[in-house]
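Take each chain as given, in its own frame, and dock them per the hints.
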Amino acid sequence: MENSTDLRQAADIDLNQFTTVPDTHRGVLVSPDQLEPGDAEVMAGVGVHVENEDRSGTYILQDFNPLCVPVQTKGLELLPIAVALKKYDWLRKKYCFKAVNADLDKYTLQCASAADPQGYFVHVKKGVKVPFPVQACLYIAQSGIAQTIHNIVILEEDSELQLITGCASRTGVGSAAHLGISEHFIGPKARFTNTMIHSWNPDVEVRSRSGTIVDAGGTFISNYISLRPSKSIQTNPRTWLNGEGASLKYLTIILGFGGSTIDTGGDVYLNGKNSSAELAHRAVCTGGRIYQRGLLTGNTPGCRAHIDCAGMVLDAGEDGFIEAVPGLKALHPDARMSHEASIGRIAPEQVAYLQSRGMSEREAISLLIRGFLDLDIEGLSPELDARIAEIADLAGHGEGI
Amino acid sequence: MTNLLEIKALCVNVDGQDILHDLDLTIPNGEVHTLLGPNGSGKTTLMMTIIGYPEYRVTNGQILFDGKDITTLDITERARLGIGISQQRPPTISGVKLKQVLDFIIANARQPVPDINELARAYKIEPFLDRDINAGLSGGEIKSSELFQLLIARPRFVMMDEPDSGVDLEAINIVGQMMNEIFARHHTIRTKERRTGLIITHTGNILDYIHADKAHLILDGYIGYTGNPHILLDQIREHGYGECARCELWRCR
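Chains as they are written, first to last, in this note's numbering: chain G, 1 to 401; chain U, 402 to 654.
Hints were generated in silico from the structure; no laboratory data involved.
The beta carbon of each residue, even a glycine, is placed where N, CA and C say it ideally should be.
Be careful, since some hints might not be right.
Stated by the list, open to error - Some chain G residues near chain U, calculated using beta-carbon distances under 7 Å: (1) F321; (2) S342; (3) A352; (4) Y353; (5) L367.
To be verified - To list a few chain G residues with every Cβ distance to chain U over 10 Å, as calculated: (6) L35; (7) T73; (8) K94; (9) P333; (10) G358; (11) A386.
What the hints assert, rightly or not - Facing chain U, a subset of chain G residues (Cβ under 10 Å, in silico): (12) S31; (13) G327; (14) L331; (15) M337; (16) S338; (17) A341; (18) A347; (19) E349; (20) Q355; (21) R357; (22) S360; (23) E363; (24) L373.
Bound conformation, chain U alone (with noise of 0.2 Å):
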């Protein structure tokens, strides 16, 4: 199988500090893994360097998608050449409407779009499509905001950012049909038809609506583990994260 994304010897630094340090990932086509770590470890700064935010400065390393190197291109060209992000804490944008951005994702989409409204309607998007992009939505209105735009762009490979932050019990379980769909973990088990995507939590909570093939830990922005999932999680929820930092495969590194 081949990868989608292939990360080599990462270094990042955010405002003069070092944040990532030698960090190697790799996602092959069709698969969804989950980035575990505690806050502060460089989960969130992965995912803004993989998706080209400028301030996110890359001091070594590589970034490959589909084989082809876009560690210098801009947002844009990542987001066009099929990279798509839900961020955690996304920007209010004031005058700009959810319905303007996605009439902009259909305008743009290289495959048939889905139906809107008739999607709206499921996910319980339409009271925010004609609202300003974030202005006064809960956390779980954010989430869902942010994951309906994925859901009619399809992009080939989606990073979410602790998609069940902020999300109550009613809520979570849509969220967790939209992941499904975004990754087309509904309609197929052929792995070459699903999407690959890359899912950061810290709790880990969100991996019981959705499956993730892989998980990877990271700690001081260094991924030292990969591995099952489950097994990682339920390490991680017995010992905590400081368990990690002490664990001899770790130290060994």
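In isolation and in its complexed conformation, chain G is listed as follows (with noise of 0.2 Å):
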């Protein structure tokens, strides 16, 4: 696999200090039911809902216990990732760290090592397209913990899932970390749309490895969304558009507050002919540092890509910024690939002219973020659509975490 993009800019996490092993007096989760009210709410926050309603699949990892609801739909698996791999020996040898190098950092080693590991396994088989949303929750709910995940999404030729994954913690969790490795494997003509929403406390550390293989006429569809910054989210994406024609669109919104260290990217290697790529990268900076990046390696004949990193800086105070590196990277002739980015602060002209309207100015302002945010991405899916309605309000309110 090709070196990534270096990322650097969130201080190194010292494992020692947080609890990797399970304590076995706390109750295991069995049941939805089980979950406290406030923690049921946190969740659907981050767009997972626990009484399963209009989704085909639910995963809720509460610190270390899993718990699957099991699925109806025929032709679609869902288990936690230490079962599969019991269960199947093939998931292991053709799967496990071929998107991502179990070796690529200290986290991926601590990932990888991990005797009984967290996280989830969804199967989708050849032509099923999975009629709601699956949706998985990693969950923090006490603090001194690490959670080491694992994930892996197989799609099957020609078939279809939506994921909805939500990663959040427990109101008053202090210091934690949540460190993940995500694998997708997305089949010929198959169609795979991730959805990642974050909301964290301050003190939640996070590293995050993915990797996304899709292979001819493949369509990936990711969209992150940060609501509540932790102390610092370190995540780089990557995807390798092997097949002719596979096609990868990528959404990122932040919302980053004071004290927070937000860099992500999103590596994207256009290896298939025809294949195409289209990221952009939206972020409100009310404080802390945010870095966009992302690196195109255009690699074939008629593969296109674009980037584009638009940023927006709400008093952040002194230390706050946003910084947006696009890069490219043509290795052949007929690679057509393209780059933008801005970053600038609310017209003070435009909030006045809403008021001039009746609106408030946090209406105002909530209104245009709301629109630099939605700009140019067409059919948002309603979980979107109501994060961006929340940083939206979140950043016109001035709100911190």
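Okay, structure coming up:
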């Protein structure tokens, strides 16, 4: 696998300060009904509805305890990864660490060395179109722990899946870490929409490494939204568009608060003839440091790629900033690649204009932020739409974490 | 008849420069006045000060609306009291659709709102409803968009800054119709049911499309003459604004 964009902005985490061993005295979650009402509410805030309505499957990981609600859809399998690895020999041989190297860094090594890995396994059989989204919640309910996640998603030929992954921590949780590996394998003509919503407490640290391999005619749509950032988030999803006509749409929406460091990226390797990638990063900075990156590498004739980084800075204080670094690398003369980046602030005359129509200053700013985040994004799902409205509202009200 | 707007001895400073000087203006309920003056005389400054744009700093004087001193209120508070404006060059707002602003106006309306779709069809606004505010619109389309928002909001007091500038001959009729609708001039001759406003114009041509009850002449940030709109306009057309400045009446101010 190629070298990815260098991630170096978020500080190193001393993993020795966290426990990765389950506390055997704590009860094991066997039903969503056992969740405390406050926890269910936090989960709903990141798109995970424990009543399982309009969902084709539910996986919840509370600290180290996994819970799977049995799925009813034929051709869809959802299991805790530890169960799946025991059940299927081929999973370890054919898919484990094939999209993310186990020794990529100390965080992936930590996940790979876990005796009892946490995370989910989703498998969609050939031709199956899963009717409702599958949802997963990776939830931290106690301080002092490090979750070590390993997720694997496999879509066979001509299948379709929407996955909503909500990552959050219980109100009041202090220092904790969320380390994750996610590997996605999208078969020929399959379509995978992955929406990930993060909402953390200020002392949680996140290191997430994901890799996606897309076959011919496959489509990967990835939406990442960070509503309430942790102390630091460092992620650099990597996608290999290996098949002819494989395509990727990647959208990142981040709201930064004071004291947080968010370093997101998106490395894409356009290896398939006529493959295409479109990356859009949107960030609203009300404090803290936000790095928007992405490196698109065009290797084949007819490949097309575009990356767009846009940021808005609002009363971010002396230390708050956005750094946008969209990158292109053309290794074939027929690769067509472009990028753009812009960072600005809200224009006072626009706020005043909306106020002259009767809006309060906050309502005006919220609407402008919403417009900024919605820009050129077509076909937003209701889930995504609701989160964008929430970000606009939070930023418009200048609310801290 | 009670005065809806009363401005007393208003002085306004913009970016360190005094623009309006001891300006007095009174507009009674149900009357539409026009403010005539050459470029740079302070017409737009007066409108932006009345609606409350913060960069227009009041250094002296008072603005009373319906008897209440609004001099220190912010834009939102003034808009919610019932003051509306149509700007000559409103900003373009990417990502915010005209319909979103109209939806806000409708959701917060205190009186019944007319059928927006029917009105949009009648005034040829439909194509702009789902477009970003003022993005890629012609001069006439911008004016229509501005006036349409006022038509739906129906503020008690409306100010329009150069409503006919950049409007072609075909669109000017629609602009005129919208203005008469906003001021309820089509519906009633009873003054108390008419709406109140101030039309700012440099050329005065828009007065061919709407009746103004009174005209004010502003020169160098000072209103020195108030009278019949048509007589004043005839004088200006015949002699130009330069002659107004040299006029005996003006010099005696």
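We went through each hint and held it up to the structure:
1. Against a cut-off of 7 Å between C-beta atoms, the interface hint on G/F321 is violated, since the closest Cβ of chain U lies about 22 Å away.
2. About 11 Å separates the beta-carbon of G/S342 from the nearest beta-carbon of chain U, more than 7 Å, and the hint is not met.
3. Using the Cβ-Cβ criterion of 7 Å, the hint placing G/A352 at the interface with chain U is satisfied: the shortest such distance is roughly 6 Å.
4. Look at G/Y353: its Cβ gets to within about 5 Å of chain U, closer than 7 Å, so that hint holds up.
5. The criterion of a C-beta within 7 Å of any C-beta in chain U is met by G/L367, whose closest approach is roughly 6 Å, and the hint holds.
6. Against the 10 Å criterion, G/L35 stays outside the reach of chain U, whose nearest CB is about 36 Å from its own CB.
7. Listed as a non-interface residue, G/T73 keeps its Cβ farther than 10 Å from every Cβ of chain U; the least gap is roughly 36 Å.
8. The Cβ of G/K94 lies farther than 10 Å from every Cβ of chain U, with a closest approach of about 45 Å, so its non-interface assignment holds.
9. With a least CB separation of 35 Å from chain U, G/P333 remains clear of the 10 Å interface cut-off, as annotated.
10. With a least CB separation of 4 Å from chain U, G/G358 falls inside the 10 Å interface cut-off, contrary to its annotation.
11. The claim that G/A386 is not at the interface with chain U holds, since no C-beta of that chain comes within 10 Å of its own (minimum 16 Å).
12. Interface hint at G/S31: violated, since its Cβ lies 41 Å from the closest Cβ of chain U, which is beyond the 10 Å cut-off.
13. Evaluation of the G/G327 hint against chain U yields a violated restraint, the C-beta minimum of about 25 Å exceeding 10 Å.
14. Residue-level restraint check for G/L331 is violated (minimum Cβ-Cβ distance to chain U is 35 Å; threshold 10 Å).
15. Of the supplied interface hints, the one on G/M337 is violated, with its beta-carbon coming no nearer than about 25 Å to a beta-carbon of chain U, more than 10 Å.
16. About 19 Å separates the beta-carbon of G/S338 from the nearest beta-carbon of chain U, more than 10 Å, and the hint is not met.
17. The criterion of a C-beta within 10 Å of any C-beta in chain U is not met by G/A341, whose closest approach is roughly 16 Å, and the hint is violated.
18. The interface hint given for G/A347 is met, as the beta carbon of that residue sits about 7 Å from the closest beta carbon of chain U, less than 10 Å.
19. This hint holds: G/E349 has a C-beta 5 Å from the nearest C-beta of chain U, less than the 10 Å allowed.
20. Interface restraint check for G/Q355: the shortest CB-CB distance to chain U comes to about 4 Å, inside 10 Å, so the restraint holds.
21. Because the closest C-beta pair between G/R357 and chain U is about 6 Å apart, less than 10 Å, the hint holds.
22. Using the Cβ-Cβ criterion of 10 Å, the hint placing G/S360 at the interface with chain U is satisfied: the shortest such distance is roughly 5 Å.
23. Satisfaction of the interface hint for G/E363 is found here, the shortest Cβ-Cβ separation to chain U being roughly 8 Å, below the 10 Å cut-off.
24. This hint holds: G/L373 has a C-beta 8 Å from the nearest C-beta of chain U, less than the 10 Å allowed.
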